Structures are given as C-alpha cells and as structure tokens.
Amino acid sequence: MERIPVLKLGNLLLVSIQVDLEDRLALNLQDDLAERIVATGARGVLIDISALDIVDSFVGRMLSTIAAMSKLLDAETVVVGMRPAVAITLVELGLDMPGVRTALTLEHGLALLGAEVRVRRSDDTDSADRADLPGSIEEPTGPSGTAVAGTVVG
Amino acid sequence: MTIGGLGPQGGGAASSSAGSPQRHAIVVESDVVRVRQVVRSAAVAARLSLVDQTKMVTAASELARNTLVYGGGGAVTIDIVDNGRRRGVRAVFTDSGPGIADLDLALTDGWTSGSGLGLGLSGSRRLVDEFELESSPETGTTVRVVKWSR
Ligand SMILES: Nc1ncnc2c1ncn2[C@@H]1O[C@H](COP(=O)(O)OP(=O)(O)O)[C@@H](O)[C@H]1O
Ligand SMILES: [Mg+2]
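As they're listed, the protein sequences go chains C and W.
Using numbering that gives the first Met the number 0, read the first sequence as starting at 0 and increasing by one per residue.
Using numbering that gives the first Met the number 0, read the second sequence as starting at 0 and increasing by one per residue.
Everything labelled a hint here was simulated from the structure, so no lab data went into it.
Just so we're clear, the structure is a prediction, and the values are computed from it rather than from any experiment.
In this text, a Cβ means the ideal position worked out from N, Cα and C, and glycines have one as well.
Errors might be hidden in some of the hints.
As the list claims (entries may be wrong) - For each label pair, taking beta carbons as the anchor points, the in silico distance ranges come out as: (1) 100/W to 40/C: 45 to 51 Å; (2) 95/W to 1/C: 28 to 34 Å; (3) 49/C to 28/W: 22 to 28 Å; (4) 138/W to 7/C: 50 to 56 Å; (5) 137/W to 106/C: 52 to 58 Å; (6) 39/C to 76/W: 46 to 52 Å; (7) 24/W to 18/C: 18 to 24 Å; (8) 46/W to 2/C: 34 to 40 Å; (9) 67/C to 15/W: 45 to 51 Å.
Whenever a hint applies, use it, and build me the whole structure from the sequences.
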C-alpha cells in the first residue's frame, strides 16, 4: 500500500503531500501521524499542501482530524502552502476546518510551531531539552562545526 | 424528484456539446482521482479561470465520491458545452443506487447519512453555475452540473 512519507526534523514531523490524494491514502496518513507522534514524542506537525490543486471536504476533514488528534497527543499542527484558488474554493464549499492553523509558507509554518513550542516549554520547570527546539536546529556553528573537517590525508 | 433550475429537458437553450463527451466509470477510489483529472483538462480546454477550474474540479470530486460511496458506483459523462456566447464544462454523474429520500435534507449544509461533513451536495451546488439533481429509488441518482467561462 502506497503511503505518504512522514519525516522527522528535530521535534517536528513534516509531511509534504505530493500526490493527488486517494481517500484511502488520506486515512492512512491520519493513522501514520498518530503513531509517529506517539513514537517520536513530536511536539509539532507541519503539513505542506502546496502541491494540492484542490482540497475537497474529504481532505479538509482529514486535516481537521489530524489537527484535533495531534492536539490530544500534545502536538500542534500547521498546514502550509495552501494555494489561493484552493482557499477561495474552500470558503464557497463551506469548509472552515476548525482547529487547523495555517501559514502561507514553510518558513512561517516553522516559525509558528517554534514559537508555539517555546511558549509551552517556558511553562515547564525543566528546560534542559531546549536543544530539541526547531529554532535551535539551524547552522552548526562554532568549534563543533569545524571539528569534522580536519583529517584529509594528502 | 428533481431539484434545480434546468428542468428535465436539461435547459435546452443552455448548451450544445462542443466536442465528444467522455464517459468514465466510477467504481473504485482511484476513479475519483481520474475524474478530477479529466474535469481539470476539460476546464482548461473550456478556458475557465484558475479559480473556476478549481471550483469545478472540487465539485466533481465531491459528486464522484457520492456516486461511489452512496450510489454504489456509477459513471460520469464530461463534455465541453457552448451556449453561443460562452464555453463551459458539463459533468453528469449517474448511479442506479438507492436514491435520495429527501433532497432538501440532503442539500442542507452539514447533513450526512454517513460520516462525511455533509458539504458535498450543498457545497458543490454553490461552486457551479448550474446544478440539477434527480433522484428516485427506481432510477437512482443523477446530478448534472455546469461551470461557464466568464
Ligand atoms: N448518489 C447518491 N446516492 C444516494 N444518496 C446520496 C447520493 N449523494 C448524496 N447522497 C446522500 O446525501 C447526503 C449528503 O451528501 P453530501 O452533501 O455529499 O455529504 P456527505 O458525503 O458528507 O454525506 C449523503 O450523506 C447521502 O445520504
Ligand atoms: Mg459527499
């Protein structure tokens, strides 16, 4: 059975939907994400729909379900990259996708999730696992960045 | 029972076919995907705007899924129509399933007899320019939609 890949990045799960979604595939994605959130302890789910040229009520329901389910599992979901024509159509279709947060771009989506997780973490007394935050997975700078380069035998 | 502004004759003046109609069976889930692709091509050929293409393809996706899930499978006929002034895309979905007992109810936002969102019929009616629904237990269900270029 064909499945949509779910990638782990820091404490986030990333999904980019690149195929015209058959209903079964959408349902599999829901199940896969639930499992992966629990297995990885992910705090955020980012779903890129920029390749989707339509979102109908089935896919809309899938996105709402993923958002609701991830919330129960203590993770936030952000949907990024919705095309303008899709947004216009969804409004007329009457679909409001309660609980689904959206961002225009991947960068904004990551920022939104980073901010979200940070706010939640700052409530915690133990902040030892801050290295997991999406905001801190950028460039490896400093001495550890150069340590790898040293040993080419010439 | 019928709902829609066109009447059983299909609106006569509305349209003559401008090209050969394409008929596609809707019996498995992948047929719904195929229907979306065929409607998209027809909408591009009829020079619908991107937003109107998207609306028509979305409506077709909803109606094809209904044909499959509630109608127990059926078919769609897709063609490009011309009313002398504008071109458009027409899609006629047919099944010989159980029919819809109460059309007004079925066309109510949020009403579903299954586990859907109840937006397929009501929503696709808003997304297209012409919408006609006929249903009975004897003949099954036919939904005919047209989207015109602007
Ligand atoms: N082709 C059909 N044959 C029989 N019943 C149908 C058909 N299409 C729609 N219906 C009925 O109308 C209801 C509303 O359909 P729809 O608006 O698409 O919502 P949903 O698919 O979410 O149930 C369905 O739940 C079903 O009872
Ligand atoms: Mg439906």
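So which of those numbered hints doesn't the model satisfy?
No hint contradicted; all consistent.
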